[in-house]
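Student: Residue numbers (this note's numbering), protein chains in the order written: chain A, 266 to 591; chain B, 67 to 417.
In short, the hints are calculated from the structure, not lab data.
Take the hints with a grain of salt, since some may be wrong.
Cβ-Cβ distance ranges computed for the label pairs, FRET-style [unchecked claim]:
1. A/Trp587 to B/Tyr262: 18 to 26 Å
2. A/Gly371 to B/Gly117: 51 to 59 Å
3. A/Gly532 to B/Asp332: 56 to 64 Å
4. B/Lys268 to A/Ala567: 52 to 60 Å
5. A/Pro456 to B/Ala173: 48 to 56 Å
6. A/Leu550 to B/Ala409: 55 to 63 Å
7. A/His402 to B/Ala378: 34 to 42 Å
8. A/Phe391 to B/Phe270: 38 to 46 Å
Where chain B lies over chain A, by a calculated footprint (3+ residues, C-beta under 8 Å) [stated by the list, open to error]:
9. 328 to 336
10. 356 to 367
If you want the ones that stay clear, here's a sample from chain A, every Cβ over 10 Å from chain B, calculated [claimed, not checked]:
11. Ala302
12. Gln316
13. Arg317
14. Ala398
15. Gly405
16. Asp551
17. Val574
The beta carbon of each residue, even a glycine, is placed where N, CA and C say it ideally should be.
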Amino acid sequence: MPEVTYLEALRQGLWEEMERDERVFILGEDVGLYGGAFKVTEGFTKRFGEQRVIDTPISEAAIVGAAAGAAHMGMRPVAEMQFIDFISCAYDMLTNYVATARYRAGLATPIVVRGPCGGYVRGGPFHSQNPEAAFLHTPGLKIVYPATARDAKGLIKASIRDDDPVLYLEHKWLYRRIKEQLPEGEDIVTPIGEARLAREGKDLSIVTYGATLWKSLEAAERLEQENGVAAEVLDLRTLLPMDDAAIMRTVKKTNKVLIVHEDTRTGGVAGEIAARINEQAFEWLDAPIMRVTAHDVPLPYAPTLEDFVLPQTEDIVKAARWLAAY
Amino acid sequence: MASRTVPTTQPPAIPAGLAREQLLEIYRYLRLTRTLEERLTALYRQSKVIGGLFRSLGQEGEAVGAAYALERGRNRDVLSPLTRNLGAMLVMGAQPIEILRQYMAKAGGPTQGRDMNIHFNDLELGYLGQISHLGDMIPVMAGITLTFRMRGEPRVGLVYIGDGGMSAGAFHEGINFAAVQRCPLVVIGEYNHWAYSTPPRKQFAVEHLADRVKGYGVAAVTVDGNDVLAVYEATQHAVARARAGQGVHFIEVKTYRRKGHAEHDDQHYVAADELDRWAKENDPIDRFVKQLRQHDWADERDLTDIDAGVRAEIDQATDACVNEPLPPPESALPGVYASPAAAARLWFRSL
Numbered sequence: 266m267p268e269v270t271y272l273e274a275l276r277q278g279l280w281e282e283m284e285r286d287e288r289v290f291i292l293g294e295d296v297g298l299y300g301g302a303f304k305v306t307e308g309f310t311k312r313f314g315e316q317r318v319i320d321t322p323i324s325e326a327a328i329v330g331a332a333a334g335a336a337h338m339g340m341r342p343v344a345e346m347q348f349i350d351f352i353s354c355a356y357d358m359l360t361n362y363v364a365t366a367r368y369r370a371g372l373a374t375p376i377v378v379r380g381p382c383g384g385y386v387r388g389g390p391f392h393s394q395n396p397e398a399a400f401l402h403t404p405g406l407k408i409v410y411p412a413t414a415r416d417a418k419g420l421i422k423a424s425i426r427d428d429d430p431v432l433y434l435e436h437k438w439l440y441r442r443i444k445e446q447l448p449e450g451e452d453i454v455t456p457i458g459e460a461r462l463a464r465e466g467k468d469l470s471i472v473t474y475g476a477t478l479w480k481s482l483e484a485a486e487r488l489e490q491e492n493g494v495a496a497e498v499l500d501l502r503t504l505l506p507m508d509d510a511a512i513m514r515t516v517k518k519t520n521k522v523l524i525v526h527e528d529t530r531t532g533g534v535a536g537e538i539a540a541r542i543n544e545q546a547f548e549w550l551d552a553p554i555m556r557v558t559a560h561d562v563p564l565p566y567a568p569t570l571e572d573f574v575l576p577q578t579e580d581i582v583k584a585a586r587w588l589a590a591y
Numbered sequence: 067m068a069s070r071t072v073p074t075t076q077p078p079a080i081p082a083g084l085a086r087e088q089l090l091e092i093y094r095y096l097r098l099t100r101t102l103e104e105r106l107t108a109l110y111r112q113s114k115v116i117g118g119l120f121r122s123l124g125q126e127g128e129a130v131g132a133a134y135a136l137e138r139g140r141n142r143d144v145l146s147p148l149t150r151n152l153g154a155m156l157v158m159g160a161q162p163i164e165i166l167r168q169y170m171a172k173a174g175g176p177t178q179g180r181d182m183n184i185h186f187n188d189l190e191l192g193y194l195g196q197i198s199h200l201g202d203m204i205p206v207m208a209g210i211t212l213t214f215r216m217r218g219e220p221r222v223g224l225v226y227i228g229d230g231g232m233s234a235g236a237f238h239e240g241i242n243f244a245a246v247q248r249c250p251l252v253v254i255g256e257y258n259h260w261a262y263s264t265p266p267r268k269q270f271a272v273e274h275l276a277d278r279v280k281g282y283g284v285a286a287v288t289v290d291g292n293d294v295l296a297v298y299e300a301t302q303h304a305v306a307r308a309r310a311g312q313g314v315h316f317i318e319v320k321t322y323r324r325k326g327h328a329e330h331d332d333q334h335y336v337a338a339d340e341l342d343r344w345a346k347e348n349d350p351i352d353r354f355v356k357q358l359r360q361h362d363w364a365d366e367r368d369l370t371d372i373d374a375g376v377r378a379e380i381d382q383a384t385d386a387c388v389n390e391p392l393p394p395p396e397s398a399l400p401g402v403y404a405s406p407a408a409a410a411r412l413w414f415r416s417l
């Protein structure tokens, strides 16, 4: 089996869906001949032509709005945000127009909006963001955030085939950093709405997604070796709709929960998860629900600053030790 | 002029290749729009219209004239109206009873009480209601017409935008994108002199809306928006060119909003004589009727018959729906997602 990177897996998923379904097309900035800022769509124009790989002006609202219009007419557009930070320019279009379309007007709007997220890459305040919390609050959208190469492929395919609008958040720190053997010729589709148990354990649960899955796995390894603590790690994969059942299963198994995400804390996804655990599994808890997140500041550029602001493996280890000892 | 000296009993030729029956049809849509809105005003005053009421008084001509230039029928041209384009929606086939139900938030209305005024759609018939965020429909219609182009379908889109809405960023992103992609899109820019209470001089620093879009490489003209046939003719020309692959066209229609932003708005910011002047001298329906009579394109009887028919239709529609129930509370819940699995994960208070 060939070993493929997270980025190559995403690329394969997009490619296969475009081969499978002629209604699928891509639009975004520099996605055509240039192949996208991170080369996700490299070679696509040559294979599929300019009609199906559309270079757009720097106009995120127009990209998302046009994708919505095309989707109403039966197409399956995949809109790229060159960096996910720029999705805020399309916030109105996504939250007011796209997310409400089915509910208020019975309009089908099967679009995928995808783009590179996240820090640990010295990208500074405007090329490092994690926008999920801003959209978690919007009924009508789905949000997926793959952490593995297999899910990068499986979730882009599922997102394109989904009849609802999906935000597909991909982590640029993972693009070329992680590799996985993926069988050729297998139609890999990761169901939207299902978390994955990334590591089994009995002493406490780490609930996470995106790049911090890898930090959490690293922390779990250290906890095992250094402290004999067996941490279970749950990779959410989909944030909206959230897999409450999987979260409650691990809570009821270990009775202690640490929620880890790269995004800032206040109003973040971890708060929502904690509230759900309180409502659905309070009696099963043996300790307060803890969070490891970024500090509540915009993400700075300098390595010393970025490393300090973003959650690191060491932060997870410390919090988990405290929790294990509680 | 030479033609005046030619003795003839024939009325002058009808412009833009229209037939006499079509003129009467246009008249009927104009009358239907105004009479339906008058009925809605009465229902508003009886508190039967639940939310705001947005009148198009004085603008019916451009709404109807532009829409009438499209190809209508199943899966033909598509237009996206603003709240003041009720007439355009009627031309595309929306029924008065649907409008009445929607304004009164009836369970049987086109959105089952979920959205208001003319925010609804029938994409097969070819209309896509707006959302309240002005400018958003321009990118959406760019995407719809991009699809026509990609599929090689000879279909055209038409979208309205107001003198206020043209200040919104989405308008500029959308029309530029559509221009670059040579989408078969016609944009009607309504210069109706008021964006809520804001006059054009506080909205933009040029004289004509058409001047604002020429920079996008879009063919742009300005027409008298209260001359129904002029609007029709300009739109017909633009639609034909768009259909022939010549890209985006913009038509500025100069008109006047004679009512407030909505019924609650007393228009204290408008000079009283200005409203009177537009009502007396420049009403689009009066002007059209005058043309019909002057050129003998219609008999008096034709017009009174249409008026009576429209009144009867609206009476009947009102009677049929005014006492219908509002939607049951629990009907607020379904339909957020297409997929049942996702819908099942939404949180609802215990019922």
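Student: It remains to establish, for every hint, whether it holds in the given structure.
Tutor: Each hint, compared with the structure:
1. A beta carbon spacing of about 56 Å between A/Trp587 and B/Tyr262 contradicts the range 18 to 26 Å that was offered as a hint.
2. With their beta carbons about 20 Å apart, A/Gly371 and B/Gly117 fall outside the hinted range of 51 to 59 Å.
3. Against the hinted window of 56 to 64 Å, the Cβ-Cβ separation of A/Gly532 and B/Asp332 comes to about 41 Å, which falls outside the hint.
4. In this structure the supplied range 52 to 60 Å is violated for B/Lys268 paired with A/Ala567, their Cβ-Cβ distance being about 45 Å.
5. With their beta carbons about 35 Å apart, A/Pro456 and B/Ala173 fall outside the hinted range of 48 to 56 Å.
6. Against the hinted window of 55 to 63 Å, the Cβ-Cβ separation of A/Leu550 and B/Ala409 comes to about 29 Å, which falls outside the hint.
7. Remark: the range hint 34 to 42 Å for A/His402 to B/Ala378 is contradicted by a beta-carbon distance near 49 Å.
8. A beta carbon spacing of about 30 Å between A/Phe391 and B/Phe270 contradicts the range 38 to 46 Å that was offered as a hint.
9. Counting residues of the stretch 328 to 336 of chain A whose CB falls under 8 Å from any CB of chain B gives 9; the rule of at least 3 is met.
10. Counting residues of the stretch 356 to 367 of chain A whose beta-carbon sits less than 8 Å from any beta-carbon of chain B gives 6, enough to reach three: the coverage restraint holds.
11. No beta-carbon of chain B comes within 10 Å of the beta-carbon of A/Ala302; the shortest separation is about 19 Å.
12. Interface exclusion of A/Gln316 from chain B breaks down, the closest Cβ pair being 6 Å apart, not more than 10 Å.
13. The Cβ of A/Arg317 sits about 8 Å from the closest Cβ of chain B, inside the 10 Å cut-off, so the non-interface label is violated.
14. With 10 Å as the threshold on Cβ separation, the claim that A/Ala398 sits away from chain B holds: the shortest Cβ distance comes to roughly 17 Å.
15. Consistency note on A/Gly405: stated as away from chain B, yet its beta-carbon is not over 10 Å from all of that chain's, at 5 Å minimum.
16. Separation of A/Asp551 from chain B is adequate, the least Cβ-Cβ distance of about 26 Å exceeding the 10 Å criterion.
17. Listed as outside the interface, A/Val574 is consistent with that label: its C-beta sits roughly 31 Å from the nearest C-beta of chain B, beyond the 10 Å cut-off.
This entry does not satisfy hints 1, 2, 3, 4, 5, 6, 7, 8, 12, 13, 15, going by the numbered hints stated previously.
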